[in-house]
Amino acid sequence: MRTALSSLAIACACSILALTAPSGPARAAPESKDPIKITLNDWTGELISAHIVGEILKKAGYNVEYVPADYLAQFAGMGTGDLTFAPEVWATTAQEALDAAVATGNVEDLGGSGMQAREDWWYPEYMKEKCPGLPNWEALKKCGEAFSTPETAPKGRYLGGPVTWGGYDEERIQALDLPFEVVHAGTDAAMFAELKSAYERKAPIILWIYVPHWAPIKYKGEFVEFPKFEKACYEDPAWGSNKDAKYDCAKPRGDIFKAAWSGMKKKWPGAYEIVKAYKNDNKTIGELAAKVDIDGQKVEDVAAEWVNSNEAIWRPWVKQ
Amino acid sequence: MSIAAAEPAAPARSIDPAHVFWILAAIVTAAIVMLPAEALPAWARKYPAAWQLPFAAWISSFTKWLMDSASFGLFTVRDLTRAISWLLDQPLSLARAVFATGFVRGQGSDAVTVFPAIPWFSMVIAATAAGYAVGGRRLALGMAAGLLYLAVFGQWTSAMVTLASVLVSSVLGSIGGLLIGLACVRWRWLERAAAPFLDIAQTMPVFAYLLPMLILFGFGPVSAMVATVIYALPPMVRVTILAIRAVPEEIEALGRMTGCTRRQITWKMLVPTALPALMVGVNQVIMLSLNVVIIASMIGAGGLGWDVLTALRSLNIGKGLEAGIAITVLAILLDRFAQALALRAGAVEAEDAARRRKAFVSSALAIAVAFWLLTALFPAIAPYPEAWKLSTAPYWGQFVSWINVTFFSTLEAIRTAVLLNILVPVKRFMLALPWPWVVFLVTAIGFRLGGWRLALTVGLMAAFPALVGLWPATMITVYLCGVAVVIAALIGVSIGIVAAGRPRLWRTVEIVIDTLQTLPTFVYLIPIVMLFRVGDFTALIAIVLYAVAPAIRYTAHGVSRIAPELIEAGVMTGCTRRQILTRIRLPLATPEILLGINQTILLALSMLVITALVGTRDLGQETYSALAKADVGRGVVAGIAVAFIGMIADRLVSAAAAGMKARRGPPQ
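Protein chains in written order, with this note's numbering: chain A, 10 to 329; chain B, 53 to 720.
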């Protein structure tokens, strides 16, 4: 029985091998056939970036494996070479983790992905009626009541990101003399759950939102226009409308970096060049994310479609 | 104390001297909190930063040394752990190949399937037959329905990935726990040495030791499995110790008289006799393994946990719920199957019935294997057809939205009332307590309940958070978990009393608590956030829902165990139902109820990881932030503080239960 089984298995294997043998255009031989492990984090934009990079690497002949990984835990994995490449590391949320990982010498920062994170105070469109003058930030000075809840009244309630994200919102409120109180969400899932809840009821809400993200595509609304960020604003109290305080401006726009295991350069030099050269922009990823989150398409299909129809963009990254 | 409160007008009644201690402690505590802030020296109100011990820095540098340079001469620690990791990967890869991925050659996108995984129809046939073989028609039906749910709702592939890892980690956890437990029974010193490690393993948030583990064992399913086993093994050890000790002396004596070797006595007599009790431990291992599925998925285990996480991050509540229920389905199937297997081990069956059953089962298995081979030839028939899939996901999303729009103002009123009347005052009270007094009080209670040894242990553990500068976060933890435990205990004990002795009701309750324990908290956390916003109240609901299960289980167990003669005696002497409850049932069941509350406390503490996700400022948040900043030492220190809270509660409650049992004399 056992021998019959195994010979059957081998027969099957052979037939499948014959079927899947590469039949397309000849591919350049990669330096190593070990899989390049690309991390999948848990937001759509990152999934799309990961799959786009993965598809390009596959077209260049590399072996690719996708590994679901927590955003913060992935740095430990890259440090040991268990993971190879993370396509989106946001300066705004993971700068410290990235710096710590790079400092060990085992992780390499591959520079910007071409995307820019914007994050700031955001409100749904219907709040404009209740607080005339928005999106100008000065309108908020008279709107504390409109954004208040029982615990914060008469002050407005501003839902900030997780404490770990930093952001200096308490300081910003002080510096700009806004009648608001900061409540921190523990995760962004909780933050957007509150947005969904409020949006359904057309209830007041103002919160920290970052783009590229699906929420501002799905829910209509705007960012508050604070005085534009300049480096001096965060360093010099004399800058801006409040002469005695720092942080009297908007938040800085942060780069979205790419990071890799530092051994990648040696093991897959060609692939290393590709991921280093990879660039994209907010608009493209935002639109692709909307296809997934709103139209219900599959991430793999959306990414593959982009790769197939934009060969002119990525072909130059692949060294022949 | 309740007597004093109920009959204040009876001054003739002298106060029981046993109560003086407690009354005094309460009065002094109240007085201290009411003192104006200036009355206490500054160092008592806030632990001075200069006195802090840099534990976190020590641990950070120790783990760095351990992970990077520690060596046994020929090879490093990391080589050793990586070798262990490779070893553990063998059964795991096999299980994954059989259930989920198929046998492949090559890796990544170059992988070529050599032989496919079990297709869904073979699995349903085989599992149903196996269910019939060990548990009869009822289990067979359950197996078929559960697996069909997974297929029909499109969860099959992910569910099989999760099944493979849970199966392997449950087996490892159960066997490992059994062996450690047996060793503890044989060598008393080992039991004493292992106890604190078991407590720490069960209460320390996984986030706290995630980073070092990822580096030592590698990023991927194996690390996830190690974390799962660490978390799920302690109950098995505890249950083994209890169960083996509970085997009647005569059995062991018989073994010795008939000349059995020590090994024969253990494996042929003690373990089989204790099997029913041991299965309780196996149940807990399975439940806890499925419990960390979400966290395991964050470090590369994938499967259902990842689906839940991704669905909820895009606020797809229905999809998250369906994947979450799939986890529960797996838990219940595995558990019921294991229970039936254990029951059968002792059962005797008529010979021809056994033969018929055997024939039926083996032909069903043959059919399943034949279908499997068929999919190897025709891979196209293997996947479950898209067109037959169902999803209720949109309705759940709409349902939560409907509640949100319709009832929000009512819910908001409840939330505000609980917050202002219970949570905020308790929080203020806890934060106002000066740390030296709390440490002293814990020590004194320890002395009162268990003597100087206990006093020293709990006193030192209580001082730890102050020493490392985590006092306020610790007090917030105690407040949140404390309120949650009180509420969970009230609900749990009442439900347990009502459900005990009513088998039909108990079956329903059991399904509900099994679901609560295995449905990932994240699944109901997001809807709760939608209805109650982020904050302590949301965390409170989540903790209560999760931690109520053991209170119910142990209470029901304790109440139904009471000898019927005692109840009868009560009825004959003319007790009312109420008197039977308050004078007979409750006092006799108190030790069990206390054990249940003990477990409730531990579960409440293990929920801190989750509450960190809704914005509480407790020790859970501390471990989570430490992970964000890649600060190993800070995370471990906060994790130890959590574990110490759990251990203090455990030691004090156990001492109280033991004292109560001793006062009541040996069981009848």
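Please note that the accuracy of each hint is not assured.
So the derived list for chain B, only partly shown, Cβ under 8 Å to chain A, looks like this [unchecked claim]:
#1 Ala-182
#2 Leu-262
#3 Ile-267
#4 Trp-358
#5 Leu-361
#6 Val-666
#7 Thr-668
From the structure, some residues in chain B lie toward chain A, with a derived Cβ separation under 7 Å [claimed, not checked]:
#8 Gln-159
#9 Ile-578
#10 Val-581
It is worth saying that the hints were derived from the structure and are not from the lab. Because the structure is a prediction, the values reported are computed rather than measured. Note that CB positions come from ideal geometry on N, CA and C, so glycine has one too.
Structure-based check of all given hints:
Against a cut-off of 8 Å between C-beta atoms, the interface hint on Ala-182(B) is violated, since the closest Cβ of chain A lies about 20 Å away. Against a cut-off of 8 Å between C-beta atoms, the interface hint on Leu-262(B) holds, since the closest Cβ of chain A lies about 6 Å away. Interface hint status for Ile-267(B): upheld, as the beta-carbon distance to the closest one in chain A is roughly 5 Å, under 8 Å. Proximity of Trp-358(B) to chain A holds as hinted, the smallest CB-CB distance being about 5 Å (cut-off 8 Å).
The interface hint given for Leu-361(B) holds, since its Cβ lies 5 Å from the closest Cβ of chain A, which is under the 8 Å cut-off. Because the smallest distance between the Cβ of Val-666(B) and any Cβ of chain A comes to about 5 Å, under 8 Å, the interface hint for this residue holds. About 7 Å separates the beta-carbon of Thr-668(B) from the nearest beta-carbon of chain A, less than 8 Å, and the hint is met. For Gln-159(B), the interface hint holds, the least distance from its beta-carbon to any beta-carbon of chain A being 5 Å, beneath 7 Å.
Annotation: Ile-578(B) was flagged as interfacial toward chain A, and the flag holds, the nearest CB pair being 5 Å apart, inside 7 Å. The interface hint given for Val-581(B) is met, as the beta carbon of that residue sits about 4 Å from the closest beta carbon of chain A, less than 7 Å.
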